[in-house]
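*Asks:* Here's the letter readout for the chains.
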Amino acid sequence: MTAQIELSQVNKHYGAYHALKDINLTIEKGSFVALVGPSGCGKSTLLRSLAGLEKITAGRLTIAGAEMTAVPPRKRDIAMVFQSYALYPHMTVEENLIYPLRMRGVSKTNAKAKAQEVAGFTGLSGLLTRYPRQLSGGQRQRVAMGRAVIRSPKAFLFDEPLSNLDAALRVSMRKEIRALHDRLGATSVYVTHDQIEAMTMADHVVVMRDGVIEQQGAPLTLYDRPENRFVAGFIGSPAMNFIAARAVDGASIALDLPGQPVIAVDRKGAAPLAPGQAVTAGLRPEHLRIVDGESGSDHQAFTLPVRLIESTGSLTYLSLGDTGDISLVEHGREHLRPGDRLTLTIDPGLVHLFDPETGRRV
Amino acid sequence: MSETLRNRLFLAIALLLAALYLFPLYWMVVTSLKTGSAMFATPPSFWPSEPQWQTYAYVWESRAVGRYLWNSLVIALGAVVLVTALGTGCAYVLARYRNVWIDIGLFLILMLQVLPASLMVTPIFVGFSQFGLLATPRLAVILAIAAKAMPFFVVLVRSTFMSVPAELEEAGLVDGNSRVGAFLFIVLPLARNGILVSAILIFMQAFGEFVYSKSMIQAAELQPASVGLNSFMGPNTNEWNNIMAFAAMYVGPILALFVLLQRRIVSGLTSGALK
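Those protein sequence lines, which keep their order, are chains E and U.
Okay, so the first sequence: first residue is 1 according to full-length UniProt numbering, each after it adds one.
Okay, so the second sequence: first residue is 1 according to full-length UniProt numbering, each after it adds one.
Simulated from the structure, these hints should not be mistaken for lab results.
A portion of the hints provided could be inaccurate.
[What the hints assert, rightly or not] Each pair of labels, with its calculated beta carbon distance range:
1. E/Asp325 / U/Asn193: 53 to 61 Å
2. E/Ile196 / U/Val266: 41 to 49 Å
3. U/Val266 / E/Gly137: 24 to 32 Å
4. U/Met162 / E/Tyr17: 22 to 30 Å
5. U/Pro189 / E/Glu176: 27 to 35 Å
6. U/Pro189 / E/Gly105: 18 to 26 Å
7. E/Ile196 / U/Gln113: 49 to 57 Å
Since the model is a prediction, treat every value here as computed from it, not as a measurement.
Glycine residues also receive a C-beta, built at the ideal position from the N, C-alpha and C atoms.
Isolated chain U, as found in the complex (with noise of 0.2 Å):
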């Protein structure tokens, strides 16, 4: 076979893959422009002929899609401004330091990423609620999420700090920095960037959690948008057009931004492979 039928090949292999893995996504648009009777037509068709585009502007109104949308919002900055914060500090000290405690205390917080979310709410919601927690739900949310996000973050921000060389560092405390200035002026900056795409990663995980937020936030008003498109599904829905809008809303932001920033994120994620 040559060279150029081949490439030829595995590009066909590629856009079909692509298409495949797309096609929900797509029927999500398409779904939502659809009239309620080209909805239930067999065969479907692949494209809306009267495309629908006051469904949106119905489903925004009559199902608060923003302030669902703010909850989300609120949660998923809380928990990433909190992981960051928290977690870039114990990432350095991990990266850093070499002994046996440190290992165990690394193979602790990858134990932790091992339990899933649907195990851990029970325990976390009857503590939470001990503490009288879950009188501010969104934060009780912020907290758990947080909590379960803190390891892959630290486990990703680690070999960031890992690939800066430590001669760096000394060469800052030997030009008169301090242990903290060569922290923040050597190494964060040139970390900055495998910290941003961790936090970017969280923040879209955040943004899309459920079980967290459907246990333990009761009142519609705090819930976020994940939630609230539970809730718009019964056992007999019919209205998927309305369904797919909402989806597509809540979705749209999250696209556009790891569209806009997935140069970043995918060189973020390789740079201390190649290097």
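So that you can see chain E by itself, here it is in the shape it has in the complex (with noise of 0.2 Å):
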């Protein structure tokens, strides 16, 4: 594996407003990175820093090796997915797609020929004389990709490209998407603030939050092994549960909750708890388990009453405590009521620690 993208200590200022602070990421040729976080995180700002519409204040990047810190977009060698689509209006779909090609001095016959080719692979075949307007949302979409395609540049840029689509054709097009770029060998750095987007599409996820890279890795790492309440927060679907908690021995903990309940946790290796110390255990909404009334008196459980049951059918939700902040996901169906009360269990392994100070994972 070698870089393709390499950016070391990239910032960003507008003013006085520090959008990109001590940038750090390595960018793998072949690879398909996502980079995710609330809006305002900094992470369409970097991408358009990578594209070079946004010069960097200070830092170094480099693509394919070449010092790019300071080169005009159109020398930079890379193709840019935006979120609106950016399809020029005035255009047919062959004439975008064969747009950026003309640019760089293909002959007409030969871009033409390139743009059958495309239009072959994206499903735009049948389309090529009409004008983006008279194109739907899912057709506009894939002119947007073939008009990224039809030269094989160093890097792909995709700025949230499919915010704009209905549910069902955004599943559609997400594999689409990732399927295109496994055929085409490229490197792909995709914004999205959609977590499961970057879940599903991306080998290598980046959290960003306030122009800082939270964590980056594998996704399931980030599922698994959050550093930091906020990642842990940001990644999943339902969001985890934080419980104020404190730790009773090294390994186990009782929580703010009705009766002090204890659990215990797995340490993995890491530094036992010392007792009385303040942490927040962070409980993933399908980690946690109901078990039998009778296995109650079990001492890991702890018992809640439910406020609230919502089901899809395949999975029911359900909302726990007091205040109805505690979520839980179960496969099937529960013959619940609001007021009945749960007695819950979980994993040691599957309880997460965050220091309540500073929110990182202990």
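Starting from the two chains in their separate frames, assemble the complex, guided by the hints.
*Replies:* Rendered as structure tokens:
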């Protein structure tokens, strides 16, 4: 694996606003990297900096080994798919597709042949003479992708390309984009605010907040071992439950719930907890298990009242606790009513602990 | 009141207002075709019984209408070309950059629009005579009109540019254009309609311009039709049919242009509002 894009100590200021703070990121050749975070976290700014549409204030950027920090977009050999698709409204689909080739001096005949080929595998064959306004949302999306893939650039940049599509189309385009990436062996950087898109499409996920990379790694690493409370809450749906707790001994904690129930935690080699140490326990809704009332005497279990039951048929979402702020997901259907009391337990290895002050994993 | 009845009432009101508005135009044409005695008949007739078409030929010959129209055309085209060439870039910059200096610039531009030509003409006259520009009076008038029309053009075209999404330009940059290339090949074609409409409006304004031409152009053979028409009228004028014929020949081309392009003009003016 060689690095296709490297960012070191990249900073971006807009006047007094510090949009990107010391970004260090290496994107391997052929990998699919997702930049994910809430709006205003700097992910789009970072992508636009890669494209050259924003000038970075400090730091260094290389693409395929070449210094690109101050190079204008047209000389970076990258392709970008915009959120609004940015199709040229005064050109037909074919003219849109061949535009990047024509800009690079490819002859009209060759460019048109290439457009035919790209139209073939993006499903645009019958639409080449249409104008963008005559296309549906999904078709426009495909034209935008076709325009990006028609020349073989050093990297593809996607700026929330699916956010204008309806839910069903989004799921299918997700697969299409990933399939196209694999087929072309391309390097892709994909910006999204949707953690599901990031988790399902990417090989490497970069979680950002306030211009800082909070954590990066393989999607399941982020899910299994979030480095801080922000990442833990951002990755996974529904979001992780956070409950204040206090260490009882090195390997068990008392949750700040009625009755102060004690549950075991598996430290997996991490330093044992100091008795009395304040922590925040992170329990994923899908990891909480409902146990029978009989085993409720088990000291690992705790009991909560049901507030709200939402069922989708295959999954049941429960809101628990006096204020209903603890959520739980169960497969199948539950015959419960609000007010019923549930006894819950969780595998000690699935309890995440964070420092209440810094939010870091402890 | 039923729906159809109300619609008809409004239609009647609209027709009445249109008739009121267009009456002077009608009166101009009718008067130009009347005989000397019919012109002063009481009550006036609303239809010329014996249309005097030869009045037009006579006025065209005796008053050198062709020359006047040619001068008007030269001045109007000169002003439009100048304003379009200089104003388009200015409008683009004002549309794309947002900061406090741009806001100040825009405010100053709008301020210029407020000053009336009759107020500006004296300082402009003095300035131009210092520079020796009055030796080429038509050029002087072109410059003065261009200066007057520029703010109007810039403000209109700026809103056209603002309706072209910046992402299209960025896509152009990523696809291999330079900054100038993206402007010329992506933004300009998309703003074409708005620019065209603004240019036409300025052309029509410049074609009828009077104050600057009257004060700066002394030689009759360089004066535009607006000044020519004015010099036709004196304190003891009674040849209204000839004056009206002159006026009809003057507004004819402009009216034809507007009728031909009106659909485009209206859609160009409202395009920013609808999308």
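*Asks:* If a hint holds in the structure, say so; if it doesn't, say that too.
*Replies:* Here's how the hints hold up against the structure:
| no. | hint | in the structure |
| --- | --- | --- |
| 1 | E/Asp325 / U/Asn193: 53 to 61 Å | 55 Å, holds |
| 2 | E/Ile196 / U/Val266: 41 to 49 Å | 47 Å, holds |
| 3 | U/Val266 / E/Gly137: 24 to 32 Å | 30 Å, holds |
| 4 | U/Met162 / E/Tyr17: 22 to 30 Å | 23 Å, holds |
| 5 | U/Pro189 / E/Glu176: 27 to 35 Å | 31 Å, holds |
| 6 | U/Pro189 / E/Gly105: 18 to 26 Å | 21 Å, holds |
| 7 | E/Ile196 / U/Gln113: 49 to 57 Å | 53 Å, holds |
Comparing the model with each numbered hint stated earlier shows that all of them hold.
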